[in-house]
Amino acid sequence: MIVAVAVVGPINQPLYLSTFTDDESARLSTLVHCSLDAVEEKVAAGMRGVTTDVPDAYLGVLAVEEECKVYGFVTNTRTKLIVVVDDPLIKDDEMRAIFRRMHTAFADAVSNPFYVLGTPLVSPRFDASVRTIATSLGAAA
Amino acid sequence: MEQYPSELTSPPVPLVALIGKPELHPALGDFLRSQNVPRVHSIGIPDAHSTAGTFGRRKGTPSGTTTAGILKAGWLRKHRTSKPAVATLLVDRASVVGDPAAWAWLVSQLDAVKAAARDRGARVVIVVAQKPGLPAAEVPEDRVAMICRQAGVERRCVLNFAPSEGLPALQVVGKVLHNQAVEFYMADAQRRLSAHTHRNVPSTDLNLRTAFKLGVLAEFRGDWAAALRMFREAYGYLSQVLSSCTGQPQRFAEVRAVAEYVHVKGVSLLLLALKQLPEAVAQFEAHLRLFRRLPFTPAPGLLASHHAWLSRQYTVMAELVMSSGVDRAALQREQQPGQLYLAAALAAIERRKVAAFISGMHGGKPPSLPGRVEPGLFVGQLLLLPADPAAAAVAAGGAAIAAALAGLPASALAAAAGAAKRLSEEQYELHLESEEGRVQHSKATVDLLHTAQDALRSSGRRTGKTLQRAMQLLGHELLESGNAVAAEPHLTQVAAFYRRERWEAPLASTLLLLRECRQQEHNLQAHTQLSLELAALSDSSLDAEQREAMATAALSVLAAGEEEEAGGASGGLPASQPGGRLAELEGDVAQQQALAGQRGQQAAHQQQGQGPPETQCAYQVTSSQSGWLTVLPMCAGFFDPTHTVPPPSPGGPAAASGTTSGTVRFAAAVWNNAPVDLPLLSAEQQLCDASGPFTVALAADTAGSSSGGDGSNGGDSSSGGQPAADGLVLQAGAWLRLSADIPVRCSGDLQATSLLLRLGVGGSGSSITFQLPKLFAAQERPAAAGAAVAAPPVAGWLRGGWTSSRLPFSSSAGFLAGRCSIEVPPQHAPPLLVLQAPEVLLQGERAVVTLAVRAAAAHGILGSVLHCTAVHAESQEQLALARGDTDAAQPANKVQGDTAHPAEQEAGQEQLGAEHAQQAAGLQLQLGDLAAGERRHLVLLLDARYRGAVHLSADLKYTAVTRGTAGTGHAHTATEAGHCTATLAVHVQLPWKLGLQLLGPPATHSLLSAAAEPSAAEGALGSPAILLLDQQQKRLQGLSVHDAPLPPSAASEAALGDGAKDLPALLLRSLPLRLVLPAGQRCTALVQLQSLAACQLDVLSMDMEPGDGVRLLPTAAVASDVGPAAVAACDTLCRSDVFAAAFAVASSAEAARELPSLGSLRVTWRRHQPRPVLLAAAACGASQLNAAAAAAAAETETAGAAGLGGSSSSIGSPAVCELLVPLPLVSFLRPLLTAAMHYPAAGTAGQPSELRLQLRNEGGSSQEVGVAVGDPHGSLLAGPKSTRVQVPPHSSASLSWQAVPYHSGPQTLPEITVAAAQHGQAVDVTRGCSMFVHRQSPRQEVQATPEPSMEPGIV
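As given, the protein sequences belong to chains A and B, one line each in that order. Numbering-wise, the first sequence is residues 1 to 141 according to the numbering used here. Numbering-wise, the second sequence is residues 1 to 1355 according to the numbering used here.
Same shape as in the complex, but just chain B (with noise of 0.2 angstroms):
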């Protein structure tokens, strides 16, 4: 839109002029523009004497004679900024009703504003406007009837105007001016189509310029649908007027400007106020329809300006249909901005040739006119001007001073002076030419395509092909500003999604821009390949001879290397296409060192006395997508070594077709797309298998194999099997069958990895690599679940029609078509591999693993060596294996938890140590020779360390020796290397479950005092003594100490939360993170162990190691709490059975500390059943047997194992397995109040004992303890019954009461409680305490029994 004035662009808005006051100009000037509804615009003229010729003057009667053109130039912007519609004046309210002098002025003024007004019928209105600050004041009836009598204009013109009222004067005020202008238009436009019919004469140019100027005052008043109207119908004279434009390039120019006027102001009114998308789209196509098409022959310059035109014409319409907002979805695909912006882009290039055209036309100088042109009085019209108009324009005299008085642009001065002329038609032509001399053309299309581009990727439809055109004309236009860096890769880009979609002539328009791009980077090799490529199209824009011309001078070049010209590889190129000579490589780098690298390892193969012929470039073909694969489309597989020919006679014998007496079959054919034979000097082919990379010379293949074919063949060698590197020819239209019969070195995977072709005459050439698994990537995949499109089995664009659309081989001899990987079979009987283990294993344990090999009957193998892994899935960690023979000689396998002692640790680590270096590569075992059927078991441990799956694998690698008659047709012995590979995944599972209570000792009661201590209560809220204390506190039952276990669901979770951690660090984890004992108290640890295996477990032994810090009291008999389904004395535990034991433990000091352990827990144990179910894997050769043949192969070679006595014994004794579990962190601390209760043991019915309580108060404050005196029991009992005793800290209280018994025998103690009121805790001090009474004697003396003494109660 950038190219059209705004008063083209934007609805016209109507103009008023405000006439006096200046000083309220600003302000109404802003409201009427930016606030009043409809806008409207206005000039401002300080006073009503300089209104003169402001208004303008109203032309008489129009004659009927013809005009010089057909639309004013500046017509619509004169009526828009300079000829306002209203003269609006304003006057103070004190000259309307002041005094004689004043209303004389305003008389004044008001005759100036009349005059200057009347000749063009401006309409007229008074605003009297108060001054401001003050209300608003009513003007006499009489003094308005006066102003209306004197200035000839209505009541309702006359306002009175307050400032100080705001925005609802204004808005009065707007619109009484809107009201006016628009009968001011109204009344114009009636004038003007009278006028217009009372003509005498009818022009079509008139009617046009009418039609328009209507229109352009209906949107003036707004009447948007009358204005539509009037341009449509000022469009529909113009089919008529073009008409007459024949021959006249100047004529047809004029009218075509008009036209774009007219279209542009329709189209705007359209979608910027209509929002009728359908119809300005059927206008655009309407008025490209009538001026696409030039209606004569053009010359250069017009056809230029034309498309230039034509550019606009798009460009603008998709600006327009952007800007208008509307719901672009419901447009026609080719009426989206995309596509308008490409369609404008395809004009611009158009215009950018036509314009190359007329620069070789003038020698690339632009030509030059006798003048300057300049723009004429009307639309589309051109003047020349002399060389100084202004000169001119005074010597015209008077006349031309009135037009510049006037405005009117220099040259309408030097038209009104008579000094400019219009132009010829020679002179049109030769500054249209001139014009095109000073765009840059490519730029613009530049541009326009980065638009086009932009906005066809965010429409939201498909538009990848127009994408890539885009890019291509792209590519194209930055070629023709000389960037070709910037062009390469879009034009790279190009010409692969072209090779993908196999479109030749697009294809062929994208290889020539790209390999003008090449020439001019001085890249000679992808020039050469892209003039191959080129000239294999056959639908390209060269003809037959210019395509062979090309072909043939590349082939030239990668002949004879970069040293020839390429100037030949060009020489089929048309007039347009540069060709020239390139002497040397500068361009690519990269390519220069990779070509700088095949030389020296082909320098260094010649060194050796057998390196191939010199190749000067080597391609890599490395992707469906290159360009080689257009040129040589190929293909290539193995044939299926199990494949067998149907007999030739009934009853002969069948053979194989893919591999003989030790070879595998692989052919390759190649189809030549360029015009001309290519000739080859080698093909070799790169194959890869278990022994490494090796390579094969490919012959030529004339055998049965080719049976696919249509016969047609290059090369004329010697038959498959015999390398023949003379003689092969690529032939133009052809396939070219190679083929190899491959030795096997070593059964299992056989991979064809590249294909080489030397191009080339005598000594010297180019070398082509096709990389084969990603040419054939495709067909090496698996073909998915129920897809029934199969992968084409050619790589690369084959054409050639039906002969070529069959195979080159035939895939009834067994040719698997882009299948580069095979699996070789074993040219021998290979031997049986067996590998067993348990079908579940227990985490901790040493898993009996067995493996056994046998030979086979007919073959013996030399060399074999044992590879063995076990991975435990989850982490991927290497598992331990060690032998069985000379490890199970060890009575225990120790695991060691992370806190055991530090020797034992130190041990532990060393072990560990060894095993992890072991398990970094597996156990790798060497077995040595095995004669034909001779068989070997082996019993290796498997350290079941982690829980969850683990992967065994076994892996035999050995050398059989063969006998065949390949290639001589003598007998002769061959060595042939195999392998064998069985994989077991087996489960393990956590065997035990552990749990761990701790008891304090019986009748003894105290609370831990570790918070009372001075320091400790000074301390912060959250030191770990306190914590400690409310753990304490949550764990205490009723003053009794023990630490109860963790729930089930707790201890469970916590077991099973980590597979991957050792057995000791797992019972660990279910054990209380602290344990929390009194001081220098006997203590009870009880130990649940629980069976969680599947299978039956012995519990040998379990013994608990006190740590230092803990004394283990003697004692403590081991109790064993079997299930009831178990024997009470047997050991042996089935799944959820719970073995237990009971441990005395006390600390080995009175004071308070923590130790870093409790100690630790031995557990000895081993399976129950000496052979557990066995799960099995065999392989025999490279295949794995199934699981029904696995285990029939391992109950054979079971029993072979057990006739001869072997190492499966060591089956029937499981290994025996020791735990050692750390225990926990434990504190011992002092009680906190301790309460003693001291009696005699015996004393005599009658006579009173006394019973006294101590107390004893460890804490750094006073306790208030409760005591309270219960139930006698057959006792009289003298003291306090209830009572509070406040214990002073660190000191101690007695109380004691005097008991007598009545009854004689052992007698319970009274009933005596002691409460702790700060801690809320109470304990009967008395309970299992009892003395025994005597009967009373009177004459026996009673004897005193000394007090026992009970043991401080632990708090």
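Pulled out of the complex, with its shape left as it was, chain A reads as follows (with noise of 0.2 angstroms):
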């Protein structure tokens, strides 16, 4: 299950939090900021994806805390999308598969003209369809 979705800017300013579980909202953001440090640390390293060489926007897991993972995802601007999740299951494609849903999302929203790059999305379409995504893997809506 899905229990928090984010969007990082490139500067590592978050630009979207949104939490699918009630009274975590402290943790679970400080574990993304957390989750940082190995994104930068795999994007430093080349060590994007898990088995091809070739550089994949998906970075894997990021950190474990308890029963929960945390996913990344950055793409070609360097804006990170981040997930946590507390199924331990869950498979690298069924991420890759919600990581690609949620890029979608993010470029419909970065699209808007009215937008500015680097300040924090408000979107309601946006917010929308990561809990859209959210709850089709479980997430409380």
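What the hints contain is simulated information worked out from the structure, not anything from laboratory work. No experiment lies behind these values; they were computed from the predicted model shown. Here a beta-carbon is modelled for each residue, glycine too, at the ideal position from N, C-alpha and C. Hints may be right or wrong, so weigh each one.
[What the hints assert, rightly or not] Beyond 12 angstroms from chain A on every Cβ pair, some chain B residues (computed): (1) Gly236; (2) Thr869; (3) Ala1149; (4) Gln1286.
[Unchecked claim] Computed Cβ-Cβ distance ranges for the label pairs, DEER-style: (5) B/Pro5 - A/His103: 48 to 58 angstroms; (6) B/His522 - A/Thr104: 49 to 59 angstroms; (7) A/Thr104 - B/Leu290: 32 to 42 angstroms; (8) B/Arg289 - A/Thr77: 34 to 44 angstroms; (9) B/Ser458 - A/Arg100: 37 to 47 angstroms; (10) B/Leu290 - A/Arg100: 24 to 34 angstroms; (11) A/Asp22 - B/Leu290: 23 to 33 angstroms; (12) B/Ser6 - A/Thr104: 54 to 64 angstroms.
Taking the hints as your guide, dock the two standalone chains into a single complex.
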């Protein structure tokens, strides 16, 4: 189940953070923030992807805390898509599909001519898209 | 790993029993334990008849019933420490080969051991030991066979052991014992497996137990693969066992403990023995995946114990990874020890929270049980014992005694006695809760966090953010333990980090903790700020109502000062965050002092009747990481004074937006992130210009300059330019735009230093001072080349969506966001300042520097002051500048050397002192008032004392009169301070190169005798006289005395070595350190002066002033030796030309002496060209003109000056420079050996004439002189042709020849050579000597001619 979704800007500023559990937003936000260490490390070392040598936007598992696993995806503009799941058996292919859908929603959101790059994403449509993706994996609506 | 017994964390080692011969046990046991491979542990039994019960009894066929537990608690320890696998009987060889009595004793020993080992199937080994010191002796085979038959063992189990053979014998014993132990464990495993296979009722618990025991037995054998396979099989049964634990906390705890046993055994095996890191990590993840979640809703006690269990798993895994020595680079981030320790700390924190809950449930007292709880017989089980279990055991009778003899623990004893009982679920929960009350949770957690931080730092991975989180957790735990002082630095650092990263939720949680720290420290001021900052974070854990209540309470404190209660400031806190009342400031002494100082200043202001409203708290925002910028992000800057607004209609006049008739516009906008409006008492801007600091009141800006914003504005006061202290409100989620038109007091740099906001209502409040240069430092810095990323124009954390993303003021109107410093253009036509200096200056001269000041045609200037400086670039020393119209009248500019005459030195020192006093501040000239268009020309003389670059600077300060309509709309006259600065870099070169050559008198030859003096001869080898003689010997060339000049390269290096030296000192350095001349002899000093300057120089005169003890002999015609391109009669030198002069000098006395200086050389020179090539720099107002414009302005000003007939005439007469070079130290020495030739001036052909050679030795030792006659040059010579003469000390010797010339006329004397054998020097004493030979006439009487006396030669 997806418990949190975050979009982090190129300079690691939070653009969007949505949690799908009660009373854990601070903990999940901190967890997402800490996982940026792994993002920076993987991007710097060219360790994207899991199996192939070709640079891959999908970063795989970034951090594990208790039953939560943090997965990452980095776009060409260095924007990071972070997803926190509490399903220990989720597969990489499923996560790739989730990130592809999120990336599409993100691209739509930043295509808004009134959106200023680097500012928080407050688009209701993007929020609805993210919630749709999350609930498809069992998150609370 | 300290949480586990050693048998769990280290692989088991086979155990053998050494029976009999106790004296052999230590040596054999030590060898088996430490040197044998593989290791074998041993226990010693002194006699075979004491072995009963040592090996235990094998159990019968297992029943099919289920057992009371999974794993026996002491099974592993029992097999490692007390149940040997091999019984080793040690017997003397004498008892084997001895008499029947001895054999009978041996048989009894064998029977006892055999009986003891039989029940358990332990192996038996008989070691026949020789006596120590005796050689090995064979045991008869028949006896060996009898032993084998009697003991029932194979032949290989009977060993002949000779201690005298040492290590080889021990190795044989060790190998046999280990092999027998392996066979025993193998057989035992087979037996257990067979027994388990034949069980009637399958049981998962028994399956698990059997697999675990088989794994341990494989470890005994060293079969790691089999052990790992069995442990994995055992762990595989745990999921089945776990599924049956629903609703049974005790059962779950037992299964969890067994799982921990099996897991630790498996992971230890993988990491420590097999070094299989990935498999170990996989096992760890599977372990946590299976047991992290409780299969039922736990009670608090079980939950706390489960968190403790989780924390232990992470800790042990981290310790195993760190101690395994495997390459951690291959580990995933979450498997790094630092991350594992952090996870352990998180679990410990959860445990602490649950424990706090439990403590609250029981009112702070741990619950009590009706008895004592001890570990049970099985792993993970607990038993409840009565208050006195020993009494119960005694009452239980013989069964309990038997159990006690078996070594079981007290609980087992009690259980066997029937006194101990299993706990009920309620009792178990109560026991867990009481256990939590005895643990120091915070200390354990803090230790874990410290360990995690250390491990993260040393991991070599990117862990910056994770470290901050660990630090936040550490601060939290320290705060929970009541140590707010220790927690505060950690939390402050973390808060600054999250502010910089701009993550709201982590920042909010940190601020909550930090606020709690401040509250415990009774720091109301910081507490209030943190409350407001916390309220400004929309993504915090607080809801909107809580944030608003918190902000309102903080605002009330800010508005009313510390006398207000702070309880309201925490009114919005959740229940877990205590708010509370803060009555007074007690904590931060420094802040109290700051407050006291602020109040003192305010009181002083109020006494003067101009004070601002009273403020109680003063906040300083000096860093971009300040929390106030989270609440009140801001943007500030000047408007571009040169920016022109396009005309509103085509053809209309353009207007400057940044400045209007004597004003410069400054604007600041403050965004309010707090959920409530913040009223302002006033807003002031502190500025600073060349005239000093001043303050301007800011007013709300609702005019057109705010076109960049969204239109929202908290202020409703009047338009810009008018101070409006009332009605300023920082509306929530909106900009408050403030601006002011600042009257220009003077041109130049105008800096906005700080923005002061006074918060409050009525007459009191608090102040916030934003130090603008520090907040906008990034904007002030020029962008690096190629840097495309612009710094954000807003200081702080601006939120508010799209509307806040726009600048509060329109950049099209000329707003320069973040520019806190601006160059104010003059409001008048500035004067022109021109500075001219020669392109190349010569060291030692006084160069003419001209200055021209011309007031603009439209504006006169008042009270102008010109400040000129000349700084030597290398030494940063100021050079002297003097007015040319006064000093130029002086005929010469004397430059003194270090060793000049005392009178001159004194006069020179006075002059230098005056010059240095002037140098300290440069030259300041009062020019007074200049009317419009008036010119003023000045000539300065620069003392080019040092070589290298010199920076000339001229700064003109004045007051200009302007006319404008600023503010009033009516024409008025105002004054404005202005300044012009022109700078010029010139280069000072070295003009001369000096050479000095000293020549001894011709035809005199001597050796200096200083070293031959008795006193000097007896002196030390390194005495100055001997050193001097050595130097002299090196310099002497063929007995002629002259000091050769230094090689050109050495001379140039000496001259160029130090650029900050005076010219005389430089020239002195090019000369020899010491001159040596013969005393009383006429010597010639040849001086050569070579021009190094790029321009022509005139040498006007060159004189030598002899020092004391030196005579300047008359004559010495001065020779002028100029280069081939120059005219001989002209003293004008081009570059590389040499001017030479010769002086005849001699010592005043005949005696040897040393003089401090030969004298001084005085050279008078000047530039040949009256007008050198000039460089020019010009400035008009604050801006300096470029080179071309400066040259044009200089040409114009020079022409203007020529038209005026002013002081420019000084340029046409180059200053005369006089150079006084002190000459080096000189030593006049007496000759050592003098050879004087006496001969008649005239002779007659055919008549003999006497030639007499007088040799004089002035030294203290005999000198051997060789005399040889060479070519007689037309004479018949009678006398020694070649001889050697010993000249005693301080005496003379002579040789004579009779020469008969046979030609008439001038005739050269015969060639006679004198050689000093000791010094290896030779000289032709008759060189240049001749006599006139008359024709022979018998009637003419030959007149005797007095002998000429030659001057004694100098040696």
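Hint check, failures only: As far as the earlier hints go, not one is violated by this structure.
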